[in-house]
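These protein sequences, in sequence, are chains E and U. Counting along the first sequence from 1, when you hit position 74 you're at 74 in the numbering used here, and nothing is skipped either side. Heads up: take any position in the second sequence, counting from 1, add 1000, and you land on the numbering used here.
Derived from the structure by calculation, the hints contain no laboratory data. Don't be surprised by glycine CBs; every beta carbon is placed ideally from N, CA and C. Check each hint, because a few of them may be wrong.
Residues from chain E shown here face chain U by an in silico Cβ test under 7 Å; the list is partial [as the list claims (entries may be wrong)]:
(1) T42
(2) V159
(3) E168
(4) G174
(5) Y199
(6) T230
(7) M231
(8) L232
(9) D233
(10) Q234
(11) E242
Where chain U lies over chain E, by a calculated footprint (3+ residues, C-beta under 8 Å) [said to hold, decoys possible]:
(12) 282–288
(13) 321–329
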Amino acid sequence: MKLSDCYNFSDFRKLAKKKLPSPIFHYIDGAADDEITYRRNTSAFDDVDLVPNVLRGVENVDLSTTIFGKKLDLPFYLAPTALQRLFHYDGERAVGKAAQKFNTMFGVSALATVSVEEISSMIDTPKMFQFYFHKDRGLNDSCLERAKAAKFDVMALTVDTITGGNRERDLRTGFTSPPKLTLSSLFSFATKPMWGINYLTRGKFELPHLQDYVKEGTSTNTSIGNYFSTMLDQSMNWNDAEKLCSQWGGHFALKGVMSVEDAKRAVDIGCTGIMVSNHGGRQLDGSRSPFDQLAEIVDAVGDKLDVICEGGIHRGTHILKALSIGAKACSGGRLYLYALAAAGQAGVERALDQYRKELERDMKLMGCTKISDLNRDNLKFRNK
Amino acid sequence: MNLKDCHNFNDFRKLAKKKLPSPIFHYIDGGADDEITLKRNTSSFDKCDLIPNVLAGVNKPDLSTTIFGRKIDMPIFLSPTAMQRLYDPEGDKASARAAEKFGTMYGMSTMATTSIEEIANVSSGPKLFQLYIHKDKSLTDDLIERCKRANFDGLCLTVDTIVAGNRERDYKTGFTTPPKLTLKSLIEFGIKPKWVLNYFINRKFELANVKHITDKGTNITKSVIDYVNEQYDPQMNWNDAEYCIKKWNGPFALKGVMSVEDAKKAIDIGCTAIIISNHGGRQLDGSISPFDQLKNISDAVGDKLEIILDGGVRRGTHILKAIAAGAKACSFGKMFLFSLAAGGQAGVERALQNIHDELKRNMLLMGCKNLKELNQSKIIYRK
């Protein structure tokens, strides 16, 4: 199997599984507890049907949308995800360049393995910085200042990781960052020699946004769950978010809002967007899927800030369904991470190109030529 | 595989399966008929979504709740289950000690293999006694008196075993108590020599609470089904339940109530609690699952008595969903029995630690400071 055999999410996933040491694959692939929410994130789309219109003259389709004041050529973007250089040695460099090529937003995680400065010097398309509220206020200030200096367009504060999720696959594989070599993981790493060679020869693995402040930045092996539980400030509240919002002074979003009540408060503290997200099912298993909750949130605050539907997206039609309900855009992590692991920048580009083609095809089949043509009349909910 | 590899229900179950002779494993694991209700008990939780709140500034969530007049440190306790010494030589003692360590309630079955008095000696933690009404009424009076003397906190009367369920796995394995050695089961017991060794070198296996009254307690090899059908009184009615309440004169629950109508009657006869349960899917297959029925019952009687949800609970999030729907606490049987079989007291402690950690983590992720904040506004049922 190779890149040219990858036509959809499952194909990229399969190829990634072949290329990655198993603890790393399962870190991407896994979710919390029994992974009920992880599965629901995608299957929720299946409970809603698209209702197409015919004979509408749809030769030219415009997929562009505007979020956080930036026009994107695609109605979805690459959600910030941690540790990308574990998945491919180019990591954020590959993903950033692919995003630029398709003119969509690139989300950079606080736990990125390439610095905001380097990314900013590399691409001039829209960029989002994802921020964790650490106990160490110096680290928080430094993250904000550096992202501002690097001219990032959006700051997204993650609010659904107040403690680490119970990712049982990581408990079994012993996944840590940087990878720790235990006897069982050693075996898995040894069976993927190319990954090992690249990991050791393509530049030191580091977390440039944290390394001046925490030992976890470079050398100590820590699990992500453990990192969340020990390094992040569990007393984080609305006042803290409001202060960060004004300290940033630009487009500011909360990532991981699921209740209508919280969405309204996000408006009150000055947010210009929210990501309706459950962290890809990786935190609270049994919690609601973004798509199931989308309509209620759009109805409450959709005219006051940009609502992004994040999680579970495997297909162009999933994006069309979310946009029809009223999301301004969608985003996802796994939708490009498997492709990154499968083939670096070329992999991400292939994935993005396929989503673009799917969206174009599906818009035509729906009888729509621009995103604003999509609305709830396009949809039928099976259970309502 | 060993205890430290056990992170969830399935892990404990797998390890228990390795350690137990197959008839005994299947006695715990099985349900009635086609086991539809057994499966639904757990899957019913998946149709209900939790809605978290963010930025709530919750540091240390309070997991405590009060049932049967006792404060317990987390809203999950050990259901009364029969014959625990079949699963571990220490049996009920191991369970009771583990429960006390985590500040939660231990439930003792009439058909326990350790006596009321022995348990009172090893644990001062919250204790619930589960009562079956036998045809021999003096046995009921005797059990209630002994529970009083032994300072048990609550009494529950099981009302869903008027006749034994059709547990087909037990027919196939030939499960009886004490274990009967047929040719087939002999092979199965023979390949778990450690279990056999423990069974024979430890104290004699007996139904410690009823042995002085019924010979079925000790000598005669009986299937549980035969025992239930011969010894329990199928004429039991609301008057008998009321009789027990008066006799006990303390916190009292009916265990196995599933209809709103019966829940209301339970109030009328003076119950302080009900345990919504279908006996872990071991009695009437095709009957409604506790979680599917919880909201209906809670909306009708939740302000008048304590509601305990029993059955299908595997995860911290299951418990949070039940609390949000209106339960005061949950209880589980299979979950801790597998951990008991997997590792004795240490096994039960690990299971309780896991569930405690899950509850705490999930309360933080829900943004809830205490269980009172978990109400029906925090859940949405999907159709």
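Hint validation: Y199(E) versus chain U, beta carbon distance must be below 7 Å. Holds or violated? Since chain U brings no Cβ nearer than about 28 Å to Y199(E), farther than 7 Å, the hint is violated.
Can the hint on M231(E) be confirmed by a CB-to-CB distance to chain U that is less than 7 Å? violated (15 Å)
Supplied contact hint for L232(E), tested at 7 Å Cβ to chain U: violated (11 Å)
Using 7 Å as the Cβ threshold, decide whether T230(E) counts as touching chain U. violated (13 Å)
Closest C-beta approach of V159(E) to chain U relative to 7 Å, hint status: Hint holds; V159(E) Cβ to chain U Cβ min 4 Å, cut 7 Å.
Please verify that hint: E168(E), Cβ, nearest Cβ of chain U, below 7 Å or not. holds (5 Å)
Against chain U, is T42(E) within 7 Å by beta-carbon distance? violated (15 Å)
How about the segment 282–288 of chain E: do at least three of its residues have a C-beta closer than 8 Å to a C-beta of chain U? It holds: at least three residues are needed, and the segment 282–288 of chain E offers 6 whose Cβ sits within less than 8 Å of chain U.
Proposed interface contact between E242(E) and chain U, which counts if any beta carbon pair is under 7 Å: violated (9 Å)
Classify the hint on D233(E) as holds or violated, based on whether any CB of chain U lies nearer than 7 Å to its CB. violated (10 Å)
Does the closest beta carbon of chain U sit nearer than 7 Å to the beta carbon of Q234(E)? Cβ of Q234(E) sits 5 Å from chain U, so the hint holds.
Have a go at the G174(E) hint: is there a Cβ in chain U nearer than 7 Å to its own Cβ? Since chain U brings no Cβ nearer than about 12 Å to G174(E), farther than 7 Å, the hint is violated.
Of the numbered hints given earlier, the model fails hints 1, 4, 5, 6, 7, 8, 9, 11 and 13; all others are met.
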